[in-house]
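Residue strings, one per chain:
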Amino acid sequence: MNKAAPQKDKAQVIEERVAVKVDEEYCSRCSICRSLCPFDAIIKDAETGKIVVDIEKCQVCGICYSACPARAIDTIYYDNDSIINYLEKAKAEYGSQALVIMCKGSAPDFAGVEKLFGVSNFIPLSVPCVGRIADEIFLKAIEMGIAKIYVLACDEDYCRFERGSPLAGRRILALNLMLEQLGYGKEAITLKRNSLKVKVDKDLCIACGNCVFFCPYHAPKLESEKGISIDLDACKGCGLCVVMCPAFALDMENWEKERISTLIPKLLAEMKPPKLLVFRCQWAVFPPLNGNPNPNIGFIDVPCAGRVDAFHILEALQKGADGVLIAACSEDDCKQEGVSARSEHLVARLRERLAQIGFGDRLHFCFVSPRDPERLDKELQEFRQGIEAIASKGKRK
Amino acid sequence: MIVTELKPLDEILDSISPYHKVLIAGCDGCTQPPRGLREAETLSRLLELAGKQKGKDFDFKVTTVVKQCDSVLTTSALEPQIEGMEAVLSLACGIGPQMVAELFPDLPVIPAQNTHFMGEEKREEGILLENCSACGDCILALTGGICPITRCAKGLLNGACGGARDGKCEMDPERDCAWELIFERLERLGKLDRLKEYRPPRNYQVKAWRLTP
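Top to bottom, those sequences are chains S and Y. Under the numbering used here, the first residue of the first sequence is numbered 1, with each subsequent residue one higher. Under the numbering used here, the first residue of the second sequence is numbered 1, with each subsequent residue one higher.
Bound-form chain Y, shown alone (with noise of 0.2 Å):
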């Protein structure tokens, strides 16, 4: 999923401050935790709490959309909520805000969340972890399903760099080296020889900006 932060409220306020009416507008999606109803409400009581120490008196209006990259839903969802309302706060990641700004062109939009990656949620350890740069041109078959685009600090094709310390990158002492990982998992699988083969450098060309589905 996509993995967001809140803003500093400071920064939220600071951008909401020209409006009175705001319509916030959560995301079901794949932000996570997901930022539906709940953190729109959330938002709304902490943002009026800050505002009445500050002397400023929002309206703010909550509403949730299921997937605001979409924009046929964000259109159904939020059409019927805009009338009167001066700006949107989205609760999205980096996607809604530009749908919304999209679709709604005279309305004002802000972001509420900071969008750092497409993660993997390691429930137990309560962490997100960033596992794919959606390169457009996947090789996980041949690195026994670990990204060394993303998860080595180099983005080398051709194996480690030799700069490992005890399994872990010499960039980040808290990270585990992709291609120590790599070499453990197909060394599991019995596909060590995988290793052998050398890649050419990648295209970059391939990156998709817009498809057709």
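Next up, chain S with everything else stripped away, as it sits in the complex (with noise of 0.2 Å):
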């Protein structure tokens, strides 16, 4: 893009954020971090026998930060300090004595989950992989009065980085152990597994096979007569096969269709102009627990780039989006089969449709990754200062 150089921030020194990095002052090189790292992206380096970070094979799970004894890892995503903080804060906004601990890939929206353990007021706690939570976070929460936790795991198979929902598993099953030696009763924290999938309406379904064909996990079926079948044991939820699907006959479960239509216009209310209605694969960015501050950016959650529907990219820009901004997980860190690159190109055909009516610059796909903490805030300035170069040029005129 030929684009004005963007504004150099004056004077502004940030000191650089590590998404995770081993303190060698505290670290004993016990080595259980390298054993759980789904990703072998912790080394012991050969001729000092450090135990370091390869932060390029990080996906930023943050299941090392939990499992380390000597509190020697640090993280800039939901370390206990942060989390704690937050729930003394929720705690008293929600007035409840519940948690809800949640994993973002298997999470439907608060009354699903309502309904999935059956409480009605709960504090939320929504992090990507439960494995990332420490033991001493539950005790703690215990000890703030919190009477009851609940776990919302993923499926084991489900799991984005592949050993944090079997961590989670065993870690609260030696808590409720402990837990229950102490006093606190049977089961003080109860888990459960959940992920959400595909769901086909027959009637809908054209049988043209697309589903097929872009599916990475071999789910759709197609017999001929009778339509589509998935084989929902294989779905892993990317949400590819809604967005190829000409008929929509599929959905996502709780990134439905109507409900992200719903959400749009709804955002694009809240905010102040330039508009920009970003969707982010949570795996990509990691939200902040204390939401966004903002007012020019509304974000939508997607379970991967994958379920990024062309059609809702139009609607955003129909209701009064200035610009719309995907955040994708680039194709080494994807957690679902490389879709995010086949999204980046169904995004650069609808760009290239978009372009033949004047609205090209107003679609933006990124690669981003939690591990580079400032590469989206880059990405929405600059993305931002296009939009304001159109709009005062079309003022000009």
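Source of the hints: derived by calculation from the structure; they are not laboratory data. One thing to keep in mind: the hints can contain errors.
Stated by the list, open to error - Below, in silico cross-link-like pairs of lysine-lysine (DSS-like), each with a Cα-Cα straight-line distance of 30 Å or less:
| no. | chain 1 | residue 1 | chain 2 | residue 2 |
| --- | --- | --- | --- | --- |
| 1 | Y | Lys61 | S | Lys266 |
| 2 | S | Lys393 | Y | Lys56 |
| 3 | Y | Lys21 | S | Lys257 |
| 4 | S | Lys319 | Y | Lys21 |
| 5 | Y | Lys56 | S | Lys199 |
| 6 | S | Lys272 | Y | Lys52 |
| 7 | S | Lys221 | Y | Lys122 |
| 8 | Y | Lys56 | S | Lys266 |
| 9 | S | Lys393 | Y | Lys52 |
| 10 | Y | Lys56 | S | Lys319 |
Claimed, not checked - To give an idea of the interface, some chain S residues facing chain Y are shown, with a C-beta separation under 8 Å as derived from the structure:
| no. | residue |
| --- | --- |
| 11 | Cys27 |
| 12 | Cys245 |
| 13 | Ala247 |
Quantities reported herein were computed from a predicted structural model and do not represent experimental measurements. Quick reminder that beta carbons are idealized off the backbone N, C-alpha and C, glycines included.
Using the hints, put the two chains back together into the complex; each one sits in its own frame.
Dropping the structure here:
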């Protein structure tokens, strides 16, 4: 893109934030983190014997952080202090003694969580992977007077961080045994597993076979005459089939077409111009615990960039968004068999069409990762400058 | 399936600009990718955005037909929708708009697609290929399942012309020489003797324009 050079922030010195790092002063080199890391991102330096994080491989799941017995690992996301601060505030705000810790990957909306656990008012704590929640968070919560803790983890074969969900299971089992001995009763922490998958409306299916081709997990089967059938055990919930279905016969649990369509105007109404709507893959961007303070930006979390639907992008532009940005994982980071690359292609195709009617520059696709915490802000800033340039050009006419 | 391509949006906008209420009719049939309800919805949104920019306000209604080439299905799908509509924008191949025009003689119909060919879809490569010309006199049994009428630039019936270079056609170096493919295939099947048969010029009169199934 041939744009004016972005304005440099004056004298803004930001200390480089590293997503995950090992503090060698505290590290006892026990290697527990190494044995738990699902991505082989923690290595023992052959020469010095020090434990270091290979940040390029790291997916910032936080499992190592929660497991380090020496607390030698630091992370900028959902660290213990931030979570405890959040819990203290949220406890007063929600006025509840029940805490639900849920993985973003498998948590339905609040009504769904209520139904799942049979609790009506609860303090929500949504994290990418419950495997990153350390023992001390559970104990601290109980100490704070939280009477009941519910944990919603992904089904083990659905866990995007492979070892996060099983680890949470083992951790809760051990904690429950200990808490029982301490007189907190049986099952002080209730664990449930869930996953969010595709739904089919067979009446709408036109048996075209698109989903059969696009699904990276071979979940849909097309048997002539009977239309589509989906092997739900194989489905990993990326949502690509949903956006590829020409007949709107497929939808996705918790990320239903209607739900996103309702969310778009609601978010836009709360925003100030220039309004930038961001579809962010929940594994590419970890939202801060305290929400989003920028009035120009609205976020819609998606289970994977694969669920970003041209339909919704157009809807956003139609309903007053000045720009739409899609934040996806790179192909290497994608938790869904490279679906994000497909998404990039689909967005590029839509962009071509939008360019025909003068809206091409209002759609931007970028690869981001939680390991690079400033990246999305940079992309947004540049995108915003582009949008503002279009606007001022329009005015001058 | 029938391979079509969306027309430039400007051209579609021009064609529909005299009208306000437009029915966008998708076709679930054989166009690839199917131009069904999703494509109709997408197009309606794109055209609305484009219209707004030009100060033109459209009122779109969106629907789809199982197959716009079927008179019964098209009538039953569109009849309940056309009340008050000023025009129909058809997402089907070239047959669709003609069918709609015939069934609803008072309603202007506009094609949204350019229709290219009957094609084979290679999913992995993401390409669509014209491999059949609907000539009405199929000789695939003699040519190892590869059509020289369509895939040979010269439509030759009796073997390669001699102009191929490295297996590619002299008319288009991107394209495989159909007769080299036929040779390889027949060799593989042990049927190379087929190439010795002389094939007289084709009888183009057998190509039908009307059939009664």
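Does Lys52/Y sit within 30 Å of Lys393/S, going by the straight-line distance between their CA atoms? 18 Å, holds
Identify whether the interface hint at Cys27/S stands, where standing means a beta carbon of chain Y within less than 8 Å of its own. 47 Å, violated
Status of the hint placing Ala247/S at chain Y (closest C-beta pair under 8 Å): Interface hint status for Ala247/S: holds (5 Å vs cutoff 8 Å).
Checking one constraint from the list: CA of Lys393/S to CA of Lys56/Y, max 30 Å. Satisfied? 21 Å, holds
Within a Cα-Cα threshold of 30 Å, do Lys221/S and Lys122/Y meet the stated pairing? With a Cα-Cα distance of about 19 Å, the restraint between Lys221/S and Lys122/Y holds, given a limit of 30 Å.
Assess, step by step, whether the Cα of Lys56/Y is no farther than 30 Å from the Cα of Lys319/S, and give holds or violated. 16 Å, holds
Between the alpha carbons of Lys21/Y and Lys257/S, is the straight-line distance 30 Å or under? 26 Å, holds
Taken at face value, is the distance from the CA of Lys266/S to the CA of Lys61/Y at most 30 Å? Holds - the C-alpha atoms of Lys266/S and Lys61/Y are around 24 Å apart, at most 30 Å.
Proposed proximity, Lys199/S with Lys56/Y (alpha carbon, max 30 Å): 38 Å, violated
Given the proposed pairing of Lys272/S with Lys52/Y, does the C-alpha separation stay at or below 30 Å? 21 Å, holds
30 Å Cα cutoff - pair Lys319/S, Lys21/Y: 20 Å, holds
Closer than 8 Å between Cβ atoms is the bar; does Cys245/S clear it against chain Y? Give me holds or violated. 7 Å, holds
Hints 5 and 11 from the earlier list are contradicted by this structure; the remaining hints agree with it.
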